[in-house]
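K.L.:
As you go down the protein sequences, you meet chains A and B in turn. Mapping of the first sequence onto my numbering: residues 1 to 453, in sequence order. Mapping of the second sequence onto my numbering: residues 1 to 453, in sequence order.
Treat the hints as calculated values from the structure; they're not laboratory data. Take the hints with a grain of salt, since some may be wrong.
Any copy, or any two copies together, can satisfy a pair, since identical chains are not distinguished.
List time: in silico SDA-like cross-link candidates among lysine to any residue, alpha-carbon distance up to 20 Å [stated by the list, open to error]:
#1 150 / 201
#2 409 / 383
#3 88 / 248
#4 198 / 356
#5 315 / 447
Below, each chain spelled out in residue letters.
Protein chains: 2
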Amino acid sequence: MKIVIIGGGAGGLSTASNIRKYDKDAEITVITRDENIAYSPCAIPYVLCGEVDCFENIIMHQAEDYLERDIKVITLAEVFEVKASEKKIGYYLLNQKEDLKEMEYDYLVIATGGAPFIPPVEGSDLEGVFKIRTIADGQEITKWAQKSKKAVVVGAGLIGLEIAYGLKKRGLDVTVTEMLPQIVPRSLDPDMALIVQKYLEKEGINLILGHPIEKIAGTTKVEGAVFGDQCIDVDMVVMATGVRPETKMATMAGCELGRWSISVNEKMQTTVPDIYAVGDCVEVYDAITGHNTQSLLGTTAVRQGKVAAQNIVGKKAEFIPVLNSMVSKIGNLEFGAVGLTKVSAIQNGIEVISGKSRALTKARYYPGAKRIDIKMICNLQGVIIGCQIIAEERVAERVDTMSLAISQKLTCSKLSNMEFSYAPPLSMVIDPIILAAEDACEKLSKLNNNHKK
Amino acid sequence: MKIVIIGGGAGGLSTASNIRKYDKDAEITVITRDENIAYSPCAIPYVLCGEVDCFENIIMHQAEDYLERDIKVITLAEVFEVKASEKKIGYYLLNQKEDLKEMEYDYLVIATGGAPFIPPVEGSDLEGVFKIRTIADGQEITKWAQKSKKAVVVGAGLIGLEIAYGLKKRGLDVTVTEMLPQIVPRSLDPDMALIVQKYLEKEGINLILGHPIEKIAGTTKVEGAVFGDQCIDVDMVVMATGVRPETKMATMAGCELGRWSISVNEKMQTTVPDIYAVGDCVEVYDAITGHNTQSLLGTTAVRQGKVAAQNIVGKKAEFIPVLNSMVSKIGNLEFGAVGLTKVSAIQNGIEVISGKSRALTKARYYPGAKRIDIKMICNLQGVIIGCQIIAEERVAERVDTMSLAISQKLTCSKLSNMEFSYAPPLSMVIDPIILAAEDACEKLSKLNNNHKK
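Put together the whole structure using the sequences plus the hints.
P.N.:
Structure, rendered in structure tokens:
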């Protein structure tokens, strides 16, 4: 069995490794345009801020490591053709463009990921304007930052904020700008976003919210950035304005696209026989709304690769709709979310109430206890459909607990009676999650009483 | 409505506070033999080891704080009589024993907790032999430890180990002895217990396993402890040999006892009308085996108090069977467990397999990533029935995630496909829980293949 995988990121390599796990004899080839494979793009901001020493560290494996498992990796190669009817692809090495090669496949896996989206703003082609996706991007930003004093980061999503913190730690004066009136709009409600915003401001990061970037000024190099009636002098601009799926290969192969990107079924099969697709280039279903959505997460890509691999080797596996659980750490602050925000629930026509708690991460008397804020979103039947958590520790695993609760369609009432483990240095005797669930129960009960009146 | 609560620990005070939450007019009286109320017995070892400054800090509330919420607390008082037929109790203050008082109730709540069990060993009444339950016990141990050099802690359960670590931190030479051949036998399997044992030994704590204490030697004061053919010179002995429920009051009231302690239904009602019981003095059902069991946890008492209160004020609430999730922190090591161990499953006649993972708490390249060990127990249908987790960080919340998974009767296969949040400083891209679940799936699949052959 010959398997060709286009793309050497989390999705492609997870597919390759999982196929090898189940099938010792499969011929597996991974082709990627990139120089590096198996690196963690999520880690780039942490190199920038100095928490991880260097970019080499975040490359988890080299092509040779995969050879040991008999997985062939061809780097710096471009696929220029997919002949689905003949089950062949055409490609060339970037340094030998005239030498066109062909490769047959029994199964093709498209794992082409996404590319940074740069809004069509005047000046976005100036020197000193950066996108952020690959290690090369990270290296360029780091190099340029060494000779810069003032930076603007466009986009207050996770990556934007993480990069902003990294540049701040490198001693730059940093301003983050966001078109929408709040930071992290995809994952946090305005009230929760404000807690993160205050932390960033305390760390000395400037924020301009509710203004799109209108123009990057400069002749050859960046000199300023214009928002509304403000113009800021800057030496560099980082565009953290989102990712667009790379669907060129899929289109070439004749795969149907959905609303956002490549359309796949629960087995990760595209509409073309024997062609699978995984990772940032496919669209998925939202577990709560049922709508098509994007899930641009490394964990999603890894899980999809496993499902694709299992189906390719003849096992049954289904990729389940996503809750898009996320977590980030900026400085000492962790924040995470899963499911819908209150805002996104309302946008989806779902009536909700929200329960909140502000408590501590350890027993009150225990030294080093940190404040924790939780917001839990429930529909009017009490079923939990989203949760946001912010604290200086112990956020990620609580997000996972909430993912499980949401996936099991638990009500706030049921969750408020759950068992939580307790020890004074590790938790409160009544977990902050329970306090938020109890608050949600009370809100719901008041609402129902008002309806009866 | 008049409510009398006997006992000022987690169960009694949780009942009182929750009744007040729902009923502004109820007359609530808490009677306790203790001088202090609302302290955290779980915190005593952390004062001993110096992580919490002093015993005063772990008293969360004073009697006066409850008065503010119109909850009357009578400390240092003994209930000597319960006349269930007349709905009255008799009590006296410890400093006015001749002045017998009476109090009527509409509902009585027995929250008398437990008392340390001291095995009938020769010498256990010598000076320098301590039990560990109350703040006064903690204070006496601390005082005696100041003039001691060598201590023996009898019992390698949680409290025993935590106390041992505390004494070690105070500079004593400490030996822990345990009748069974492993530490933490109730919550950890031998293989997992060994990881904790090695940590303790590295911290300089001596362990004698598989030997009951046979004799405490000395004339008036402790001088030695005898196990098998060994006699250790010691200045002090702490008996951490378990807790026995205090059922005297319940017996006096005519309440039926079960196998272990006071028998209650899911509303926390005893067999005597209008008498409830909560906390360490009642027995509960094990969610997995269905058998009666004890759940000597502060969190259980708090949850039971809430259920009792809701039923007393006329709301419907049920206490669900327990998974007995626990967590502890000793030095830098966290360890926790929920549900059955492999050993206890086998003892209960349940055939099981176990999946294990040894992974990291952060991305591999992230500085400060710690090793994490997980063992997941599943029945032969793949349903998860227990989990044990050990690491130097981020254990407690993972235990909670597993509690939720077990309570929802999730299979290892389903759990292995769940979403987990990811950021390099906070987790691995494939969570260690997923790795353990995948290992369990493989073990199960091998077992099924062998059965087919």
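K.L.:
Does each hint fit the structure? Answer for all of them.
P.N.:
Going down the list of hints, with the structure as the test:
1. 150 / 201: Classified as within: same-chain Cα gap 16 Å, cross-chain 53 Å, threshold 20 Å.
2. 409 / 383: both (6 Å within a copy, 19 Å between copies)
3. 88 / 248: Within one copy, since 16 Å is at most 20 Å while 82 Å is not.
4. 198 / 356: within (19 Å within a copy, 41 Å between copies)
5. 315 / 447: between (48 Å within a copy, 17 Å between copies)
Of the numbered hints given earlier, the model fails none.
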